[in-house]
Amino acid sequence: MDVDLRLVRYFLVMAEELHFTAAARRLYVSQPALSNQIRRLENQLGAQLFERSPRGVTLTAAGDAFLPHAQSALAAIRSGVTEATAAAGRDQVLRIDVLQTDLVTPRAVLARLRERLPSLRLEVSSRGSREQEQRLLSGDLDLALCGSTAHLADGLVQRVMRREALGIALPTDHPLSDADAVAVRELADEVHYLPRDDFAPEWNDFVLGCFRTAGFQPRRHPASTDGTSSALELVKAGECVALGLLSTPAPAGVVVKPLAAGVPPYTWTLRWRDSAHPPTAALGVLRSLD
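Reminder that position 184 of the sequence shown reads as 679 in the working numbering, one-by-one numbering, no gaps.
Where hints are given, some of them may not hold.
Computed list of lysine to any residue pairs in SDA-like fashion (alpha-carbon distance at most 20 Å, straight line) [said to hold, decoys possible]: (1) Lys752 - Leu671; (2) Lys752 - Ala678; (3) Lys752 - Ala732; (4) Lys731 - Arg657; (5) Lys752 - Ser725; (6) Lys731 - Asp597; (7) Lys731 - Lys752; (8) Lys731 - Pro759; (9) Lys731 - Ala674; (10) Lys752 - Val780; (11) Lys752 - Asp684; (12) Lys752 - Leu689; (13) Lys752 - Asp692; (14) Lys752 - Asp675; (15) Lys752 - Arg654.
If you are wondering where the hints come from, they were derived from the structure by calculation, not from laboratory data.
Could you build the full structure based on these sequences and the hints that come with them?
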């Protein structure tokens, strides 16, 4: 049975006042109109809710039974309206950290959000996975893009976003620059660039795991930065090579060659706080990313 919510509100005011004139005044309707609406509700329910007598108005047993449910229903609707309004306001601004905006997947994520949610204002940062965790838990961040092997704290949820093949960035004059694919074991004697351990520890763990599987511990270049552009400048200068994503754009003087079979892909995930108000609009448009 569908009950008109407006009639429920009329019933609740009438149950508080137990006086048609006073209740009608509160509801800004005439007394006959209120009486008609109460009778309409009683007809819908198939039960008399008020006892009308010369001594006044009282709730019947049916009215007493209906009262707490009517109160709960109206309270739930009001709460729902409040939360929906708040969520709509939150959906207008999305605070997202994407690790590095110069990589293909982070750029694709931001492009999809701008394309599908044009009214959304993005506040984009690139502070690293460790800060992502802290900011998500504190409520200072709505959504984060990082590797699946990054530590996932209690209270956070993640969803796989995309898997990407790895490649090796080499100077164009490197002996392996003409190879169709490079086996990781062929890089054992190279100096390797890795970012700061405190910026993207999950990436370094992933890369070092690839080297361990190939049977060696790499020599690390002493320089570390937060972005790929400066790393590729070091590669261009011939100071090192850099294991990275095959999709990473290479500047002049650098080639990115695919790795030979057997190296697992890198898995990107979206993360958010497990709460009553997840960034539903953003998660909806990012459910799949070609």
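Hints, one by one, checked against the model:
no.: 1; hint: Lys752 - Leu671; in the structure: holds, 9 Å
no.: 2; hint: Lys752 - Ala678; in the structure: holds, 10 Å
no.: 3; hint: Lys752 - Ala732; in the structure: holds, 17 Å
no.: 4; hint: Lys731 - Arg657; in the structure: violated, 28 Å
no.: 5; hint: Lys752 - Ser725; in the structure: holds, 19 Å
no.: 6; hint: Lys731 - Asp597; in the structure: holds, 17 Å
no.: 7; hint: Lys731 - Lys752; in the structure: holds, 14 Å
no.: 8; hint: Lys731 - Pro759; in the structure: violated, 26 Å
no.: 9; hint: Lys731 - Ala674; in the structure: holds, 17 Å
no.: 10; hint: Lys752 - Val780; in the structure: violated, 32 Å
no.: 11; hint: Lys752 - Asp684; in the structure: holds, 17 Å
no.: 12; hint: Lys752 - Leu689; in the structure: holds, 17 Å
no.: 13; hint: Lys752 - Asp692; in the structure: violated, 25 Å
no.: 14; hint: Lys752 - Asp675; in the structure: holds, 7 Å
no.: 15; hint: Lys752 - Arg654; in the structure: violated, 29 Å
The earlier numbered hints that this structure contradicts are 4, 8, 10, 13 and 15.
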